[in-house]
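There are 2 protein chains.
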Amino acid sequence: MTFKSKKTLPQIRLSRMAILLFYVCASSLGVQAQEIISPNKNLSLKFELKENGIPTYQLTYKKKPVIKSSSLGLELKDMPSFMDGFTITKTDQSSVDETWDPVLGEEKTIRNQYNELVVTLSQKKYNNRYIRIRFRLFNDGLGFRYEFPKQNDLNYFVIKEERTEFQLAGNHKIFWIPGDYDTNEYAYTTSKISEIPALIKKATAEINSQWPIKELSVQTPSMMKSDNGLYINIHEAALINYPAMSLEVDASTYKMRSHLTPDAVGNKGYMQTDAQTPWRTIVVSDKATDILASKLILNLNEPTNYKDVSWIKPVKFIGIWWEYFVAGKSTWAFGKETNVKLTDDFSKLTPNGKHGATTERAKNYIDFASKNGFDAILIEGWNIGWEDWINNWKEDVFDYVTAYPDFDVKAVHEYASSKGVKIMMHHETSGSATNYERRLDRAFQFMNENGYDAVKTGYVGKIIPRGEHHDGQWMVNHYINVAKRAADYKIMVDSHEAVRPTGLNRTFPNWIAQESARGGEFESMGGLAPDHTTILPFTRLMGGPMDFTPGIFQTDLSYYGTGSTQRVNTTLVKQLAYYITMYSPLQMAADIPGNYERFPDAFQFIKDVALDWDHSYILEAEPGDYITIARKAKGKNEWFVGGITDENSRIANITFDYLPAGKKFIATIYADAKDANWKEKPQKYTISKVIVTSKTVLKQYLAQGGGVAISIKEGSVVEMMGLKKL
Amino acid sequence: MTFKSKKTLPQIRLSRMAILLFYVCASSLGVQAQEIISPNKNLSLKFELKENGIPTYQLTYKKKPVIKSSSLGLELKDMPSFMDGFTITKTDQSSVDETWDPVLGEEKTIRNQYNELVVTLSQKKYNNRYIRIRFRLFNDGLGFRYEFPKQNDLNYFVIKEERTEFQLAGNHKIFWIPGDYDTNEYAYTTSKISEIPALIKKATAEINSQWPIKELSVQTPSMMKSDNGLYINIHEAALINYPAMSLEVDASTYKMRSHLTPDAVGNKGYMQTDAQTPWRTIVVSDKATDILASKLILNLNEPTNYKDVSWIKPVKFIGIWWEYFVAGKSTWAFGKETNVKLTDDFSKLTPNGKHGATTERAKNYIDFASKNGFDAILIEGWNIGWEDWINNWKEDVFDYVTAYPDFDVKAVHEYASSKGVKIMMHHETSGSATNYERRLDRAFQFMNENGYDAVKTGYVGKIIPRGEHHDGQWMVNHYINVAKRAADYKIMVDSHEAVRPTGLNRTFPNWIAQESARGGEFESMGGLAPDHTTILPFTRLMGGPMDFTPGIFQTDLSYYGTGSTQRVNTTLVKQLAYYITMYSPLQMAADIPGNYERFPDAFQFIKDVALDWDHSYILEAEPGDYITIARKAKGKNEWFVGGITDENSRIANITFDYLPAGKKFIATIYADAKDANWKEKPQKYTISKVIVTSKTVLKQYLAQGGGVAISIKEGSVVEMMGLKKL
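Residue numbers (the working numbering), protein chains in the order written: chain H, 4 to 729; chain X, 4 to 729.
Keep in mind the hints are simulated off the structure, nothing from the lab. You may find that some hints are simply not true.
You can't tell identical chains apart in this list, so a pair holds if it fits in one copy or across any two.
Said to hold, decoys possible - Straight-line Cα separation of at most 30 Å, BS3-like style, residue types lysine-lysine; simulated pairs:
(1) 153 <-> 339
(2) 493 <-> 413
(3) 310 <-> 344
(4) 351 <-> 153
(5) 217 <-> 80
(6) 344 <-> 127
(7) 53 <-> 153
Whenever a hint applies, use it, and build me the whole structure from the sequences.
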């Protein structure tokens, strides 16, 4: 018997450990197949060696096939592959049931329960070179990865391609964006798998610095729904020192296959034993809400080894930001010139008169943030280099320590400090990661010296090192390097345009949020489809928190009088609901302060809403259609509910059974007005205060492109006087 | 009239300025050709626009053609080229005659005298887009470069290839190594230009991480001798933000053409106006000694802008180094393992028992250095990672701050400090420049904290960023970044395996020396040809000081009793002569201390020899055959002479007319014994003390593969008693 030892860091509490371990020396027994079931017995995973020693696996959920027999393996460069010729030389099974507490999260405590199968596969013809495949079967899905133990005949190797197959059981409905090595900021297409070829061209609309994959492919997290009612989500967990995976699609057989992001010379991954791939994850259920509730991906990531995490805190912030997107109200750049060098004297540029990040304006924002209880303000465009930062594949684009002549870092820092507000640093790299890395220590030191404790990073543009991709192994390591280095300086990181997350916020909890999808900013650039945010939680957010930048109250951008006819495709209330439906411990109130001052009663929700949670309750959800979530604020008897719908109006069924029984609470309901919708009267809403209990059930109308937001708290008898019970 | 303004930094003293400026608005005059002559009138440069507006130039020396009409231009990526369609829209001529003092050098004061022609070339069909070509004609050669001024129609651009031609006038003798993007550590081949195709394969012998250029090509500095007695050297100066140039060779027409080092995606250079190429240099004379005396390349580099250079000093050092090359006496690595990670606990490795850089051995070296007046000792192999540092294209190969368990940085620092000796840092990168850059600040901070003031860097192996080359624009910028960052920490840099130098030690005087050629270490790996070091000063050293690592006394490596039959292909005395013939302000006494203790009288020359000079006198020289040089120590009445020969014995003609007239000096002459040569009795030598005056002429015998070294100083009457006059 083998006792499976787990790391016993403080944050892990082994609550139960059902040990049902057995060891089979399979080769001696002639067994070439293995099966395990999930703790709740809903899922079954079968591993089998097929003809020629080809490893395969299949996954079923309540006896319905999820993944039909699919082969596993990797091709190597200048070495024999890990594709076939295997025999099983050892198998191990074990079970784990433990809990752990994330630093920040949707749940105070997360349960990690799975049954594990580890298969050791040897290649006799290559001197018994061997790998392991580790399967972890949870109640809500499967994770598996390849492992390459240290051994005489395997030291350094280069991956030419990973050949993991996902043979789906039918022509599922799929919510997809096209495979791309450099960007995930695409709009979603909803179709049958078989329809992807006909739709791929349209789906691959032009985005800055995209690099679509030649083979027909989609990105992960890939969300699907089968005709027989299964929700299936394929992604990966713990993407470290490995390129991101896309899925090549065979639209006629419904087979998907791993496609890794190449490096500058076409290789996929540089490996040194001991090594392992990220986990390939398949979350599956017959309830869509289970997909959103899944913690499988987080559970497959390693616990953090940070000793002190007390400095990692939720961040609610405003920013000198949205004004750059709406109608050219102001600009990141200070000068009119379009050719500058860091060695230039920027005080000699011709001011364009519209520079956003001035000392004076920063102080106004600080006043607003302080008055309304925000933790921080983001100031973009404070540093020299914005005149020609984009599209030039320029290496020395920013230096991260030199402010424009009209922005006084010390003065702003002192003023913010006196008002109890933090300034959030902004490090746009323009994709020039090498330039960022060589300046990183000085940049972080500068932040420490000037009171910044969080940085928003950006990677707009083609990557330098030239030929590398946003989603390749080198950049994957870069983002992690930045997060780790930031931790040395006690700095939190919110990365934009980075590879999509894979639960690494467990391991690097100061990597507090990411963009890595088509976010709120696109409402100013063509707009987001009304169903976009009903899909994102099933796709992008499966990997981790998103800095979506919600809270746009002024949804009609023609308001600014610059001739723009652009509009945000939501009601105002839907923007409030996002603070609940789009989980992140870092949340922006993205609109311009003046717009919040016009709607102070609705703004109250943003001021009140929590960012860190004891519990989350996925009340109802259907990808592409609607989501309703309730959450309990961490350490407080406060609850918040958010519900959104797509282009269709609907009645949300909101329950309150998560409230302590037998008590009354005051609920403030922010609802779309009856005649509101995302196109007309989007700013019409009602706010009502009512009494709710755990037994309350609310049928709430959501307008087309609308939503609902509710804050719930305890109230004194006096406060409750005159309030109706719902 | 235009007065040509020059930077007036303290180190430049305008001693004379003969202004013979005139301005010609060529296009209005219809003039499409321009000619200038050198100040001494020996050289003539003619610029001419040929049919279709193709720019050309030609160079003559004493009416002999050096470069016959050759075209100039560049091809751009995704933009019209700068190859043709030009008209001359402006020409400027000016003259400069000034002097400046290098921080360290062969001369205390350097004269910079040239006549300049600047041609502005416009392309009407591209909206009058224009470039400039700047020619500087010195008494000893030509420098020219392309300049790209800031203008409306030229901002960012990418160079596909530079098309600078050098149409030689005949089938010259050439001393060459094959073109290669990654290494210059080749042995030289001496042949006619026409013979290169037949010899290229043999010349491209296997070297670690080489990347030979597909097209027939040679590297620069390219040294040639014409049948009519001209010595011609083609190289470049001030290689900044641009890839290094090789020369494609047309062996039948004797035309050479620029070939730039590509980046990972095949582009050659990323440019932003204002921009310029490095200078293309042609040093020419009918005397070989003029080539060695030329300061043309240094003069074409920019003065340094370092405010304080007081911390930049010559370094004479020994090192725990040669023992790694001779017969496996000791090793860089501590452990037996061949698969390690920086995250490993290196104290848990299995010691191989032969680790060179231990605290105890360092102290022994410190004792020797202190006793013999060395400034520093280099300790290689002090830091973790050497077990698998090579050939794995591994990124996180070294961390630069963690010592092996048997090397105590603090203790060694304190001991060295107490003995008045510095420890020279060693930063091998294994070609992983990204890893080095991201750790650079911490590495230099570590050096500051532990008393290191100089670092030997190394770039063995394939470059990371993968796909980049040692000689590409990205790495060219990397080396400079390292030098500049080092200057911030007052650290001197001695780079190995970097791009060959182009006089940048003027601009970055803390970049004190480089290897960048087949150096002394190859005496342990096949040996250097006896003529190798008679060629290097005409090639590699044209660009700057070389850390050649001379001073090997134990030339027969079978001495170590490990079965090696390898030998150093010189006499012992030739190794002494290198301290003069191979200029560098940083010089190693490369042999193991025990070998110096066996030859204390010869070792005295190494202890005495200066590293920085008031004046240098090239007494005689012929590339591939012999070199004799005398130098006066900076600020001292001490002179040192070094003479070397190739595989043939010879009589060196050594004059002393640089000594102050009418005074007697004591010369100590280190000479090969009559029966010595590089193969037999290489350690036999004679040392004699004699009186010399400025009128003395010495006919000195040099053995096959031998040399001569002389130290000259003032002496008291007592000291001179009993000494013979030569």
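Hints, one by one, checked against the model:
| no. | hint | result |
| --- | --- | --- |
| 1 | 153 <-> 339 | between (57 Å within a copy, 15 Å between copies) |
| 2 | 493 <-> 413 | both (20 Å within a copy, 28 Å between copies) |
| 3 | 310 <-> 344 | between (41 Å within a copy, 22 Å between copies) |
| 4 | 351 <-> 153 | between (59 Å within a copy, 16 Å between copies) |
| 5 | 217 <-> 80 | both (21 Å within a copy, 23 Å between copies) |
| 6 | 344 <-> 127 | between (59 Å within a copy, 28 Å between copies) |
| 7 | 53 <-> 153 | within (26 Å within a copy, 66 Å between copies) |
Hint check: no violations occur; every hint is consistent with the structure.
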